[in-house]
Amino acid sequence: MRLRYLTLTAVAFFSAFPLYYSVVVASRHNSALAEVPPPLIPGGNFFANVARVFDTVPFGLALVNSVIVAGSISIAVMFFSTLAGFAFAKLTFRGRNIMLVITVATMMVPAQLGIIPLYMLMVKLEWTGTTYALIVPALVNAFGVFFMTQYLSRALPTELLEAGRVDGCSTWGLFWHVVLPAARPAAAVLGMLTFMSAWNDYFWPLVVLNPDNPTVQVALSTLASGYVNDYVLGLAGTAIGTLPLVAVFALFGKQIIGGIMQGAVKG
Amino acid sequence: MRHTLDMRVSPYAYVAPFFLLFCAFGLFPLVYTAWVSLHEWTLLSDTQEFVGLGNYSTLLADEYFWNATFNTLSIGVLSTVPQLALAIWLAHLLNRRLRFQTLFRISLLLPNVTSVVAVVVIFSQLFGRDFGLINWMLSWFGVGHIDWAAGTATSHVALSVMIMWRWTGYNALIFLAAMQAVPRELYEAATLDGASNLTQLRRITIPMIRPTIIFVVIVSTIGAMQIIAEPMLFGQSSGGGGGIATGGPDRQFQTLALFVYEQGFANSTFDFGYASAASWLMFVAVVVVAGINFLITRRVKGGLV
Chain U
1 MRLRYLTLTA VAFFSAFPLY YSVVVASRHN SALAEVPPPL IPGGNFFANV
51 ARVFDTVPFG LALVNSVIVA GSISIAVMFF STLAGFAFAK LTFRGRNIML
101 VITVATMMVP AQLGIIPLYM LMVKLEWTGT TYALIVPALV NAFGVFFMTQ
151 YLSRALPTEL LEAGRVDGCS TWGLFWHVVL PAARPAAAVL GMLTFMSAWN
201 DYFWPLVVLN PDNPTVQVAL STLASGYVND YVLGLAGTAI GTLPLVAVFA
251 LFGKQIIGGI MQGAVKG
Chain R
1 MRHTLDMRVS PYAYVAPFFL LFCAFGLFPL VYTAWVSLHE WTLLSDTQEF
51 VGLGNYSTLL ADEYFWNATF NTLSIGVLST VPQLALAIWL AHLLNRRLRF
101 QTLFRISLLL PNVTSVVAVV VIFSQLFGRD FGLINWMLSW FGVGHIDWAA
151 GTATSHVALS VMIMWRWTGY NALIFLAAMQ AVPRELYEAA TLDGASNLTQ
201 LRRITIPMIR PTIIFVVIVS TIGAMQIIAE PMLFGQSSGG GGGIATGGPD
251 RQFQTLALFV YEQGFANSTF DFGYASAASW LMFVAVVVVA GINFLITRRV
301 KGGLV
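Protein chains in written order, with our numbering: chain U, 1 to 267; chain R, 1 to 305.
Hints in this document: simulated from the structure, not taken from any laboratory.
All clues stand as given, with none of them false.
If you want a taste of the chain R side facing chain U, the calculated C-beta under 7 Å gives, among others:
#, residue
1, L30
2, L93
3, F104
To give an idea of the chain R side of the interface with chain U (calculated C-beta under 7 Å), a few residues:
#, residue
4, D6
5, Y14
6, V15
7, F22
8, F25
9, G26
10, P111
11, S115
12, V116
13, A118
14, I222
15, Q226
16, Q236
17, S279
18, M282
Pulled from the structure, derived: some chain R residues nowhere near chain U, Cβ distances all over 12 Å:
#, residue
19, V51
20, Y56
21, V81
22, G151
23, E185
A quick note: this is a predicted structure, and the numbers were derived from the prediction, not measured.
Positions of the beta carbon are idealized from the N, C-alpha and C atoms, including for glycine.
Can you make the complete structure from the sequences, with help from the hints?
Right under this line is the structure:
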């Protein structure tokens with residue numbers, strides 16, 4: 001038993017240490033990195049380094065872009081996933097089961113392999129360089145639909161819907177007055193998961209955006225790709241661009257983890 | 001009348017957004033890749049010449065393509081096999097009444113919440129040749145300064161560590177979710193029979209969660225075959241030189257997905273036809289490797305560890 005706690009504590013340490021160390025480096029001066037032994041506690045240079053980040057890349061714009069992109073994707077995914085989840089969980093229609101199976105199967109499709117035609121499509125739509133190219137393809141996804149289907153089939157009593165029908169609700173009325181309120185806990189978890197993955201998305205934004213109109217992750221990669229390795233600069237950017245998210249996660253971690261594990265069981 | 005119409009049409013309307021979006025931005029690009037791959041097709045040219053399988057035969061003779069294939073498989077094995085074994089073990093450790101259960105789970109998932117850019121920037125510093133923390137610790141054991149990014153084997157190890165750091169905890173939680181559905185009585189009976197902890201893991205846990213193991217193996221395989229952001233960023237921030245998409249100056253860690261990106265976007269030729277052919281071969285490779293892993297995982301009975 002003692003060994004179990006020891007092992008888990010060690011793993012927890014290895015999970016957290018690189019994040020801690022990034023703050024240590026981000027709050028130092030470049031010259032401190034050459035010291036032996038290396039610095040292990042934060043220094044006092046953090047805000048000066050953050051100021052350098054804003055001087056080097058358009059980081060303010062990047063933050064605004066990332067908030068808009070991740071925010072609108074999360075809201076859309078919550079809405080459309082609840083809508084489709086309602087249909088799959090509680091409505092009867094021909095082809096329901098096969099459509100649900102197809103939905104789950106699409107999660108296995110290695111979508112990244114279609115990156116070139118996807119880019120060509122964005123050129124045609126004249127969306128390259130704009131955040132439309134990030135938002136529109138991500139408005140709803142298979143994971144969200146499956147996640148809400150699972151939740152609603154378990155947590156939404158059919159009697160409630162029948163009562164609504166008796167009262168003369170249309171299907172849309174049921175969705176609006178009964179399903180949406182009932183879906184709130186799961187939708188909130190889905191929203192947080194979606195926000196985190198949209199915020200952290202890197203490759204597609206890199207392909208389709210320009211460096212002068214970046215998201216946070218694209219701006220960070222620009223910071224890290226200088227000819228001279230300015231680790232302090234890169235890690236200061238990392239700290240302000242990703243650590244807020246990590247902090248939010250630490251606060252709501254229990255709910256988010258519950259969501260991930262529930263989505264997994266039937267998978 | 002209006003009522004029946006509502007009942008009939010609404011369900012389809014509600015699931016339609018997902019299917020429309022998937023067809024437009026998921027399925028269509030994947031299929032269209034095959035069409036593009038049969039052409040001499042660049043970003044800059046106005047006309048596209050049909051060249052049949054020409055791109056494919058060039059590709060099969062391209063040593064960079066085979067180099068990328070080797071690197072993908074090597075990094076894939078190095079990162080996935082220890083990762084899944086470790087994840088099962090961690091899940092097994094967590095599958096008890098524990099104090100600080102939530103705290104342990106949150107810390108396990110912390111790396112997964114960190115963006116890939118942050119992970120590689122942080123680890124490039126840790127793996128730094130001259131002032132990296134890892135080389136500093138290795139020096140206590142008399143190991144000289146390793147230039148992690150420069151060698152084939154060392155760069156693959158470094159990249160695998162980054163991938164493992166980010167994904168082990170996530171997969172452990174997926175396994176844990178499955179383990180919690182295993183009936184407690186099985187363990188109680190086994191304990192009465194004097195079965196050790198390890199025996200219980202091998203004889204009860206692993207057979208009982210096999211569907212989840214198969215699922216995780218397939219998903220991890222598909223993910224591992226498409227690794228791109230890690231080698232791309234490692235090439236940039238380890239300062240070894242070479243282009244953004246070459247995976248080091250000697251292409252020592254260029255993966256297949258990175259090769260596709262290089263041909264399509266980072267090359268001055270923007271050769272969409274050639275890159276699409278590589279994408280399509282990669283798709284075939286993903287299906288084949290995932291299929292093989294599916295068969296292996298399905299056949300293994302109980303004795304995974």
